[in-house]
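Enquirer: Below are the chains, spelled out letter by letter.
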Amino acid sequence: MYGTVYGSTLNERWEVTKQQVIEAANVRKNYRGGTEGAGLNGFDLEVTAGTVTGLLGPNGAGKTTAVRILSTLLKLDSGTASVAGYDVSRQGAEVRRRIGLVGQYAAIDEVLTGRQNLVMFGRLNHLGHTKSVRRADELLERFSLTAAAGQSVGKYSGGMRRRLDLAASLIVAPTVLFVDEPTTGLDPAGRLEVWTAIRQLVDNGTTVLLTTQYLEEADQLANRISMLKDGKVVAEGTPDALKAQLGSDWLDLVLVDPAEVTQVLGLAEPITNGEIKVEGNRVSIPVKDRTRALTIMANSLHEARIEPEDITLRRPTLDEVFLHLTGASA
Amino acid sequence: MTALGWAIADGWTITRRALTHWRMQPGLMLFAWFFPVLMLLIFGSLLGGAMETPEGSSYYELLVPGIFALTMLFGLEGTMTAVTQDKDKGVTDRFRSLPMSSAAVVLGRCMADMLDTIVALAVLTGAGLALGWRWHDGLPSALAAFGLLLLLRFALLWVGIFIGLSVKNAQSITAVQVLVWPVGFLSSAFVATSTMPAWLGTIAQWNPLSAAATASRTLFGNPDPSTTATWIGSHSVLMAIIAPLVLTAIFLPLSAYRYRTLSH
Ligand SMILES: Nc1ncnc2c1ncn2[C@@H]1O[C@H](COP(=O)(O)OP(=O)(O)OP(=O)(O)O)[C@@H](O)[C@H]1O
Ligand SMILES: [Mg+2]
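Protein sequences appear in the order of chains Y and U. For the first sequence, position 2 matches number 2 in this note's numbering, and the numbering has no gaps at all. For the second sequence, position 14 matches number 14 in this note's numbering, and the numbering has no gaps at all.
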């Protein structure tokens with residue numbers, strides 16, 4: 001009805017304020033032939049320009065669905081969503097000109113070499129051959145893939161594939177980059193490689209929406225986190241604010257002798273900020289300042305001549321977080 | 001550049017991708033191109049002796065055009081596999097998230113598969129000639145026969161794209177790969193339909209593959225008894241034009257519809 005007039009005014013408003021690069025309000029999506037309630041059930045999101053937002057949620061929470069809707073690959077049933085000021089339902093072509101998408105599974109041609117892949121995507125972005133080649137070499141350099149550039153992607157490691165996938169999405173500097181579960185299935189080294197690559201993007205001012213199942217990953221990379229459960233955002237805020245809401249880290253001690261438990265409970269008194277849990281010879285102590293708690297505890301144990309079998313510091317797991325959140329809201 | 005210009009340019013980029021695949025996997029391509037030759041040799045030596053051929057002509061006179069048509073049918077698998085793999089691996093999604101026309105993706109696939117078929121036909125023609133098969137009615141008529149074969153391949157391209165987009169995963173392709181064989185045997189590819197039991201011959205006659213096989217025999221001047229046996233046999237060239245057009249008219253819109261509903 002409004003056509004391009006509506007689009008351009010919306011876009012001008014965005015140019016002026018440059019605030020919300022992604023806006024989604026009450027988005028609903030049910031897959032055709034899918035289970036009732038699966039998909040998105042009133043999804044809301046606001047992403048400010050130049051920030052990294054983490055969409056955090058367990059399997060089946062709707063992360064991929066949200067990313068596919070925002071990148072125009074999937075139609076929403078109801079609600080509104082816009083990216084860079086353009087409506088995803090009515091101005092898909094404009095949206096596609098401004099986004100990069102890194103899907104959950106590396107979408108690159110396994111037979112072609114890394115360079116051939118990037119040149120192809122460059123040409124499909126209408127850069128022309130010469131520019132595509134130059135851009136491909138720049139990106140290979142930037143993602144430390146120059147040495148493997150002439151190798152078939154089938155021979156790449158998971159981390160290398162993911163980096164190439166990222167590079168392919170950055171051929172034309174996008175306003176918004178969507179990254180769906182960048183490190184799922186990668187080993188720790190691969191994960192670090194990808195994290196470094198994403199951090200670089202952020203330094204260049206790209207707005208990033210990334211999804212993840214790992215609290216730690218969202219914590220490492222994102223300025224803001226939206227927690228997704230059953231197709232709905234259940235909590236939203238900066239990582240610190242959320243963590244404060246979520247409660248503490250845990251210091252887990254496994255003792256050699258259950259008789260030492262009472263002694264350890266005494267030692268834990270000064271560092272804990274909650275209720276200590278004891279299960280046989282395992283003592284879980286909620287702590288606020290994680291590193292300080294660990295050093296103090298290590299010292300006290302040493303002085304008391306107690307040598308535990310194991311001592312670990314851990315973040316609350318995603319399950320605990322969701323339990324906490326749904327418990328708190330009930 | 002105009003929208004159409006870009007669609008062609010992008011389509012060519014995607015065709016080049018397929019050509020690069022050929023270069024990167026020469027062994028695989030050689031196997032695919034020589035597989036029809038293998039079939040020609042196997043069926044030729046297996047059935048050649050037992051086959052009653054008109055006027056004592058070589059069985060290869062009948063078989064070579066049949067294997068040509070069968071090669072068109074087998075091309076279906078290649079199209080299907082490529083389309084399903086791209087969909088499975090997310091490459092299709094990547095294309096769809098780019099500011100390029102969706103027609104380009106299909107156009108690229110189409111050009112690549114047609115080129116692939118032309119190479120396969122050329123290899124098979126060489127093998128046929130070496131085994132003593134000839135065309136007897138001049139080059140223009142022979143080229144018309146090749147044209148009809150390629151028309152069938154073009155129609156099957158859309159069937160392949162449709163199935164490729166419809167199946168859940170690459171495993172489902174195996175089912176189609178198996179089904180291709182009965183379709184191939186239930187046609188005039190290996191034997192003239194007029195020598196089959198009546199009911200079977202009737203079914204086989206209406207197989208689009210038979211139309212292509214019989215029509216190309218007619219145009220190559222190779223003997224096929226079914227050309228005089230029935231109405232459909234004597235109008236095989238017409239059938240070889242109409243059947244692919246009907247298939248295209250059904251499966252091209254269906255493929256376009258499937259491509260659009262990937263977003264549902
Ligand atoms: N094509 C589909 N057809 C039917 N249902 C689907 C389809 N894709 C996803 N779903 C369902 O929608 C819900 C959300 O799926 P989605 O893929 O968005 O979750 P996710 O958060 O990305 O999960 P994961 O961490 O496993 O990637 C799930 O219950 C899933 O089973
Ligand atoms: Mg997902």
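Calculated from the structure, these hints are not laboratory results. Treat the hints with care, as some may be off.
What the hints assert, rightly or not - Derived DSSO-like pairs (lysine-lysine); straight-line CA-CA distance at most 27 Å:
#: 1; chain 1: U; residue 1: 89; chain 2: U; residue 2: 168
#: 2; chain 1: Y; residue 1: 75; chain 2: Y; residue 2: 277
#: 3; chain 1: Y; residue 1: 288; chain 2: U; residue 2: 168
#: 4; chain 1: Y; residue 1: 243; chain 2: Y; residue 2: 277
#: 5; chain 1: Y; residue 1: 288; chain 2: Y; residue 2: 277
#: 6; chain 1: Y; residue 1: 288; chain 2: U; residue 2: 89
#: 7; chain 1: Y; residue 1: 75; chain 2: Y; residue 2: 288
#: 8; chain 1: Y; residue 1: 243; chain 2: Y; residue 2: 229
#: 9; chain 1: Y; residue 1: 155; chain 2: U; residue 2: 89
Enquirer: Can you name, in rising order, the numbers of the hints this structure does not satisfy?
Expert: Structure breaks hints 2, 3, 6, 7.
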